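As a plain string of letters, each chain reads:
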Amino acid sequence: MTSLHSRFAPVLAVLAAIVAIWYLGAYALNAPFQRDLDRRSGETPTAWEFVVRTMTQAKPTLPAPHQVVANVYENTFLRKPTSNRSLVYHSWVTLSATLLGFAFGTALGILIAVGIVHVTTLDRSLMPWIIASQTIPILAIAPMVIVVLAAVGITGLIPKALISTYLSFFPVAVGMVKGLRSPEAMHLDLMRTYHASRAQTFWKLRVPASVPFLFASMKVAIAASLVGAIVGELPTGAVAGIGSRLLNGSYYSQTIDIFAALIAGSVVAIILVSIIGLAGRLTEKAMGARPA
Amino acid sequence: MTGAVVAASRLGLTFRTNDGPVEALSNVDLTIGKGEFVSFIGPSGCGKTTFLRVIADLEQPTAGTITVNGMSPEMARKARAYGYVFQAAALYPWRTIERNVALPLEIMGISKSEQAERIRRTLDLVNLTGFEKKYPWQLSGGMQQRASIARALAFDADLLLMDEPFGALDEIVRDHLNEQLLVLWARTQKTICFVTHSIPEAVYLSTKIVVMSPRPGRVTDVIESTLPRERPLEIRESPEFLAIAHRVREGLRAGHSYDD
Chain B
1 MTSLHSRFAP VLAVLAAIVA IWYLGAYALN APFQRDLDRR SGETPTAWEF VVRTMTQAKP
61 TLPAPHQVVA NVYENTFLRK PTSNRSLVYH SWVTLSATLL GFAFGTALGI LIAVGIVHVT
121 TLDRSLMPWI IASQTIPILA IAPMVIVVLA AVGITGLIPK ALISTYLSFF PVAVGMVKGL
181 RSPEAMHLDL MRTYHASRAQ TFWKLRVPAS VPFLFASMKV AIAASLVGAI VGELPTGAVA
241 GIGSRLLNGS YYSQTIDIFA ALIAGSVVAI ILVSIIGLAG RLTEKAMGAR PA
Chain F
1 MTGAVVAASR LGLTFRTNDG PVEALSNVDL TIGKGEFVSF IGPSGCGKTT FLRVIADLEQ
61 PTAGTITVNG MSPEMARKAR AYGYVFQAAA LYPWRTIERN VALPLEIMGI SKSEQAERIR
121 RTLDLVNLTG FEKKYPWQLS GGMQQRASIA RALAFDADLL LMDEPFGALD EIVRDHLNEQ
181 LLVLWARTQK TICFVTHSIP EAVYLSTKIV VMSPRPGRVT DVIESTLPRE RPLEIRESPE
241 FLAIAHRVRE GLRAGHSYDD
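First to last, the sequence lines map onto chains B and F.
All residue numbers in the first sequence are consecutive under this note's numbering, ending with 292.
All residue numbers in the second sequence are consecutive under this note's numbering, ending with 260.
Just so you know, nobody snuck in bad clues.
Using 27 Å as the maximum straight-line C-alpha spacing, the simulated DSS-like pairs for lysine-lysine come out as follows:
1. Lys78/F to Lys34/F
2. Lys204/B to Lys133/F
3. Lys285/B to Lys133/F
4. Lys285/B to Lys178/B
5. Lys112/F to Lys133/F
6. Lys285/B to Lys112/F
7. Lys285/B to Lys134/F
8. Lys112/F to Lys78/F
9. Lys208/F to Lys34/F
10. Lys134/F to Lys204/B
11. Lys204/B to Lys78/F
12. Lys219/B to Lys204/B
13. Lys112/F to Lys204/B
Simulated from the structure, these hints should not be mistaken for laboratory data.
None of these values were measured; they are calculated from a predicted model.
Using the sequences and the accompanying hints, generate a full structural model.
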């Protein structure tokens with residue numbers, strides 16, 4: 001009980017600080033517009049009434065935390081999950097593209113890593129290109145991918161998933177190159193004394209040794225996939241998904257909706273990263289790792 | 001000598017390093033007969049581990065010749081002529097003890113039923129029966145090293161190469177394992193090449209002690225032990241034992257200036 005308390009107390013303290021600063025910010029940013037409104041309608045609210053008014057605007061410059069919470073609650077629990085005002089619905093649209101892109105990206109990353117570790121030519125030629133690929137801003141690439149694929153008749157899930165793939169293969173490739181090369185010299189020498197084939201060394205030594213690296217890089221990759229899917233929803237003016245909520249919100253100055261969509265995206269990210277972390281721990285336990 | 005397990009003649013190995021060439025082995029002449037227990041002793045850098053690795057085809061000599069079972073080390077390695085025990089146990093942490101012992105058997109394509117039989121037999125040989133399902137971290141250092149010896153014995157190679165296998169263990173565990181190793185050697189009739197830093201260990205275990213010295217790595221003395229094959233621990237207080245130990249110490253001192 002004390003350990004639970006000591007673990008959560010610092011987190012809650014930081015959360016409280018963020019909320020407090022957020023409220024102050026909301027007041028400061030919304031006050032000029034509110035003053036303007038009051039002057040035009042000739043009202044003279046008391047100080048407290050004025051503070052309350054800055055926190056209850058329909059389209060605030062910076063929505064107050066309780067406005068965002070109310071919006072998230074309303075759009076998550078009070079609407080049918082199939083409604084296009086439901087955050088569950090939009091999260092699901094983005095999630096499906098994220099998962100597909102993540103699956104592609106992980107597979108591609110592993111494939112590249114296996115190639116780099118086993119083929120000297122690939123080691124020298126591929127890595128600079130892979131690193132260069134990540135220096136290109138995804139916001140510049142995304143519209144081109146979407147437009148080009150739309151021109152050949154591919155729309156919807158696949159283009160978004162491809163942008164996710166583009167972002168997520170990189171951490172997996174880099175992590176798995178490191179993981180597949182992680183066996184110590186002694187473990188490799190041992191395989192040599194047995195006259196083991198390359199395939200045997202790969203499956204019996206390199207692959208099991210790389211498992212912790214795989215899960216660590218998949219954690220980064222799934223978060224990158226989510227970003228990729230959201231970015232992929234922006235240039236199309238997509239009708240659904242967290243990205244489209246962000247875009248619509250900014251078109252119509254629905255700042256509360258923007259923040260609600262951001263929260264939805266964060267929640268999805270936390271859930272995905274936690275699932276990978278849990279899968280990693282279970283896998284390592286099944287592989288006999290010493291309990292931490 | 002025909003039928004020698006290892007025969008080296010004028011063997012040399014020079015490593016190319018950034019600081020220029022390093023002569024790890026120079027002019028090594030050595031013959032190891034079947035069933036011998038040969039210890040290699042000498043200070044760091046004398047090439048004892050390098051020599052073992054040349055036998056194992058883990059390093060390539062740059063001069064002279066060497067045969068293992070009458071063939072080149074590479075052919076011997078491919079024929080799985082030896083089991084190698086490293087300084088550390090080098091067990092795969094994701095495999096249980098029995099799966100670690102099974103590793104060479106899987107690689108060599110031995111049937112499941114035969115694997116089970118050999119795992120049972122070799123774990124019994126190193127007194128690890130009952131620990132089959134444990135993971136390496138659940139075992140003490142001495143037990144881990146015994147498991148790695150079991151792994152080297154599992155595929156029944158006639159030659160066992162051991163590179164300071166007990167170097168990381170405390171003296172009490174080391175004494176115990178030395179005794180067990182002698183029993184195991186008597187039971188299996190294997191030829192053993194054993195690298196060590198310890199004079200008592202070398203004298204206690206060996207039928208032949210190869211004293212080496214560094215810069216360049218070379219053999220300075222080869223001592224044929226006069227001790228009987230049957231060796232209780234108490235033999236280490238006998239005058240004969242002390243005489244051999246003295247000769248080893250003299251050889252080490254002669255071959256190595258401690259001033260540089």
